[in-house]
Amino acid sequence: MPKRHLWIALTLAAGLVPAQAEIIQVTIDRLVFSPATVEAKVGDTIEWVNKDVFAHTATVKGGWEVMIPPKKSASLTLKAAGPVDYFCRFHPNMKGRLDVTP
Amino acid sequence: MSIRHTAALAALLLLGAAPFAQAADKPTDPQIAHIAYTAGVIDVEAAKLAIEKSKTKEVLDFAKDMVRDHEAVNVQALDLVKKLKVTPEDNATSQALSKAAAEERAKLAKLDGAAFDKAYVDNEVAYHKQVNGALETLLIPSAQNAELKSLLETGLKIFQGHEQHAEHVAGILK
Numbered sequence: 001m002p003k004r005h006l007w008i009a010l011t012l013a014a015g016l017v018p019a020q021a022e023i024i025q026v027t028i029d030r031l032v033f034s035p036a037t038v039e040a041k042v043g044d045t046i047e048w049v050n051k052d053v054f055a056h057t058a059t060v061k062g063g064w065e066v067m068i069p070p071k072k073s074a075s076l077t078l079k080a081a082g083p084v085d086y087f088c089r090f091h092p093n094m095k096g097r098l099d100v101t102p
Numbered sequence: 001m002s003i004r005h006t007a008a009l010a011a012l013l014l015l016g017a018a019p020f021a022q023a024a025d026k027p028t029d030p031q032i033a034h035i036a037y038t039a040g041v042i043d044v045e046a047a048k049l050a051i052e053k054s055k056t057k058e059v060l061d062f063a064k065d066m067v068r069d070h071e072a073v074n075v076q077a078l079d080l081v082k083k084l085k086v087t088p089e090d091n092a093t094s095q096a097l098s099k100a101a102a103e104e105r106a107k108l109a110k111l112d113g114a115a116f117d118k119a120y121v122d123n124e125v126a127y128h129k130q131v132n133g134a135l136e137t138l139l140i141p142s143a144q145n146a147e148l149k150s151l152l153e154t155g156l157k158i159f160q161g162h163e164q165h166a167e168h169v170a171g172i173l174k
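Going down the list, the protein sequences come from chains E and G.
The numbering of the first sequence is our numbering, which starts it at 1 and goes up by one.
The numbering of the second sequence is our numbering, which starts it at 1 and goes up by one.
Hints may contain errors.
List of simulated lysine to any residue pairs, SDA-like, C-alpha gap at most 25 Å [claimed, not checked]:
hint	chain 1	residue 1	chain 2	residue 2
1	E	K95	G	I140
2	G	K48	E	K79
3	E	K95	G	L156
4	G	K174	E	K79
5	G	K110	G	E89
6	E	K72	G	E71
7	E	K79	E	R30
8	E	K61	G	A170
9	E	K51	G	I140
10	G	K129	E	V53
11	G	K53	G	A72
12	E	K61	E	K79
13	G	K129	E	D29
14	G	K157	G	K110
15	G	K64	E	R89
16	G	K174	E	N93
17	E	K51	G	K174
18	E	K61	G	A146
19	G	K82	E	D29
20	G	K157	E	K79
21	E	K61	G	K48
22	E	K71	G	K149
23	G	K57	G	K149
24	G	K107	G	S142
25	E	K72	G	D79
26	G	K149	E	V53
27	G	K57	G	D79
28	G	K64	G	G171
29	G	K118	E	K72
30	G	K48	G	L60
31	G	K157	E	R97
One side of the interface only, derived from the structure: several residues of chain E facing chain G at Cβ under 8 Å [to be verified]:
hint	residue
32	S34
33	A55
34	F90
35	M94
36	V100
Note that these hints are calculated values from the structure, not bench results.
Even for Gly, the Cβ is constructed at its ideal location relative to N, Cα and C.
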């Protein structure tokens, strides 16, 4: 029982002093994700900025997908830790990676 | 006329290697622009046939992606030739591409259902492969204007993506 209280206290403390969530931009220009690899934390938001006249996606096989229309931006807030490889479903030669730490 | 030229790019992609083998000398920029546009138009036309005939979601989605991307590339190609004041010039490679594409479309038009899907997607893989080969070994190295070269390089990445996308769809159909 005391152990449980300790956990709750720790969780609350963590919640009260959150690391500042960041917005991290990934630019898409001429079918390249840049930077190709991004280090981020759970709670950070990735914003893909599409400079191409082509629609792209950021797609994780068996996971999430973000549609990124031509000349527009799209965002995703990271909910889970771990490395994630993603690609564009329309142009699978476009690849990117997120290294997400807790 | 300009729409026709844009189509050339698409066409390049669809036809494959044979039409390019006929190009004896290095193409000039006006010829490259014509070929690239033609190759695009050919792929758009093939995609429109697929949208009309196929009932398979993956094939329809792929065909719509082809129309969207190739039309976008060709808009850029037209803007560029206008800016550079280049008049795309018809040539033997463009003509061979268009001829081969017309034959392929006639073949596809006779097919239905799963046979159509397979023939269309297999041809998309082969066509994009051929166009990519032509872009890499002939068109990009021959292009003199830096902006034209850059557009062709972007086109190559797009078409390489389409080739992989087509291979993925072909895998689903099996």
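Here is what the structure says about each hint:
| no. | hint | verdict |
| --- | --- | --- |
| 1 | E:K95 / G:I140 | holds, 24 Å |
| 2 | G:K48 / E:K79 | violated, 40 Å |
| 3 | E:K95 / G:L156 | holds, 16 Å |
| 4 | G:K174 / E:K79 | violated, 36 Å |
| 5 | G:K110 / G:E89 | violated, 33 Å |
| 6 | E:K72 / G:E71 | holds, 18 Å |
| 7 | E:K79 / E:R30 | violated, 29 Å |
| 8 | E:K61 / G:A170 | holds, 18 Å |
| 9 | E:K51 / G:I140 | holds, 23 Å |
| 10 | G:K129 / E:V53 | holds, 23 Å |
| 11 | G:K53 / G:A72 | holds, 23 Å |
| 12 | E:K61 / E:K79 | holds, 16 Å |
| 13 | G:K129 / E:D29 | holds, 23 Å |
| 14 | G:K157 / G:K110 | violated, 32 Å |
| 15 | G:K64 / E:R89 | holds, 13 Å |
| 16 | G:K174 / E:N93 | holds, 22 Å |
| 17 | E:K51 / G:K174 | violated, 36 Å |
| 18 | E:K61 / G:A146 | violated, 37 Å |
| 19 | G:K82 / E:D29 | holds, 23 Å |
| 20 | G:K157 / E:K79 | violated, 32 Å |
| 21 | E:K61 / G:K48 | violated, 29 Å |
| 22 | E:K71 / G:K149 | holds, 22 Å |
| 23 | G:K57 / G:K149 | violated, 35 Å |
| 24 | G:K107 / G:S142 | violated, 33 Å |
| 25 | E:K72 / G:D79 | holds, 21 Å |
| 26 | G:K149 / E:V53 | holds, 17 Å |
| 27 | G:K57 / G:D79 | violated, 33 Å |
| 28 | G:K64 / G:G171 | holds, 18 Å |
| 29 | G:K118 / E:K72 | violated, 34 Å |
| 30 | G:K48 / G:L60 | holds, 9 Å |
| 31 | G:K157 / E:R97 | holds, 19 Å |
| 32 | S34 | violated, 13 Å |
| 33 | A55 | holds, 7 Å |
| 34 | F90 | holds, 5 Å |
| 35 | M94 | holds, 7 Å |
| 36 | V100 | violated, 26 Å |
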